[in-house]
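Protein chains in written order, with the working numbering: chain H, 1 to 236; chain E, 1 to 343.
Derived from the structure by calculation, the hints contain no laboratory data. Predicted model only: the values in this text are computed from it and were never measured. Take the hints with a grain of salt, since some may be wrong.
[As the list claims (entries may be wrong)] Okay, the calculated bits of chain H under chain E, using three or more residues with CB under 8 Å as the criterion: (1) 80–92; (2) 100–114; (3) 217–230.
Ideal Cβ positions, reconstructed from N, Cα and C, are used throughout, including at glycine.
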Amino acid sequence: MALIEVDAIHAGYGGANILNGVSIVVEADEIGVIVGPNGAGKSTTLKAVFGLLSVSEGAVRFDGRDITNHTPESLVRAGLSFVPQEYNVFPSLTVEENLDMGAYIRRDDYRRLVDQVYGFFPPLKDKRRQPAGELSGGQRQMVAMGRALMTEPKLLLLDEPTAGLSPLYMGEIFERIIAINTTGVGIVMVEQNARQALGFAHKGFVLAGGRNRFTGTGKELLDDPEVARSFLGGGD
Amino acid sequence: MPEAGLLTVLPMNELVFFINKGIIAGLISGSIYALGAVGVTLIFGILRFAHFPHGDMMTTGAFFALVLLVLFPGAGAAVGLPTAFVLLPIAMAMTAVFAVGIDRVIYRPMRLAGSRPVVMVMTSIGVMLMMQGGIRLFAGTGTRQLYVAADSKDIYRIPLGGRDIVITEPQLLLFVLTIAAVIALHLFLTRSRMGKAMRAVADNPDLARVSGISIDHVVRTTWLIAGALAAAGGTMLALDVTLKPDLSFNIILPIFAAAIVGGVGQPYGAIAGGLLVGFTETLAVFNWSVLLRPLQPLLPEFIEIPGRITFVPTEYKIVVPFFILLAVLIWRPTGIFRGRLNL
């Protein structure tokens, strides 16, 4: 049974649909990467899964349960966590307070999870009393992912975690994502740096015009000459 | 110059006059503005609209205190403090519940209907008129005292040179109360789960929602705090002067000036802004010639110090917050503490 199964969903923001039948299947412990040109519906797919906009056709199943159009709050409790691309930290709260807010729904002692996040992202430990808004872009991304991990999710949805970061930070963030995944957290991420991300993805989904164009393992997509020509660009 | 000589040269009488009429008076209005401005700024931070009835929320709190005063006139004598002050916690609780009730009946349905901020502001002006009418309907238009006959009207005098520094019991209690409120608010916002959630919602409501924070609980807590602090400010103001139905309507402008000067959405800014507006207002109408008079012997004869030198005549005191507001909006539009004015 797949951890997350997005079954031919249609969705949009009121007017015309942006998604016209997108399907994603990712097993527990896997990393799924969604790539594609601008306006393909990559971020929209994540938002539709997380209940941030309504799905008009198709279904979303998580752990075998139908979660189509469930509210974000109930999905957080069910074991999903979402890191938006922008505005993904509380800027005036300190790093540690951001983590506290990630654990808002918990009533137990979550000290070990804070330590775990500092284990994944050592730079945050020194900055834990500093407002998140004062950190660099890469460190803010770490805070955002740390906040999302505080609920011990089974599945982490990441919307362009490396957007606007330097190549150095990009490599570091990818490393941490792989490290998080090896602890048993499933990951579905949208990524602009398609070539690098498909390099470590278990599953890859190429979207265009709100539909699946290619689906396969990361390696299959990288080796497919048509995918390479149309979506990955040349070189680098 | 020997030390003793310096003391005799220092114009002690004038200095004490300055402390009484400048510092203490500024601290009093500053504290009251701060108590109101914290509520205005918290409501703006969480609900994103300017809560104009806040002055009347303060008056309502003072009238709740008056009702309690009539019901339990003996409460003060039992502890030896002004009766209204002893009953204040109950008045604060009543006003807090009242504020939540207003939100439930009026603002919440508007919010759920997706009303834009400008509609919420207009609604709040409607609520302001209703509250003003309501207070007059129940209590009439007259001026009242927030004292019972048994209340002691202690005045503390600290002798200094020839004159005394004079501070009344309600003024002293107001300082204590404001300091206690500021400390409690600080601890609440930085230590408690709900306080942090309030700051999180003010920072980024969407992210707060996807973190599983209940916006409804945060909104309710905001009204409870804003209502309680409004009652405290209103009651202490009524104790210091008198209780009139339009009491707080006159201070709504300085309160908004304080909230904006401090940076909208910033509770610490609101406290600093309240004190700044209070001091500026007081010092603008302060008669500076009293301080200059001792210099008369040093000046050549043709310069005469007039009997009254003020920046602004007393009757124009109300324009001072306007000037502060203008100056801040021109030179530092987000306020001293960098608030969020992104409507």
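So, going through the hints one by one against the coordinates:
1. Closer than 8 Å: that is the beta-carbon criterion, and the region 80–92 of chain H has 8 residues meeting it against chain E, so the requirement of 3 holds.
2. Counting residues of the region 100–114 of chain H whose beta carbon lies closer than 8 Å to any beta carbon of chain E gives 5, which meets the minimum of three for the stated coverage.
3. Beta-carbon proximity to chain E at under 8 Å applies to 0 residues in the region 217–230 of chain H; the threshold of 3 is not reached and the given coverage is violated.
In summary, the one numbered hint that this structure violates is 3.
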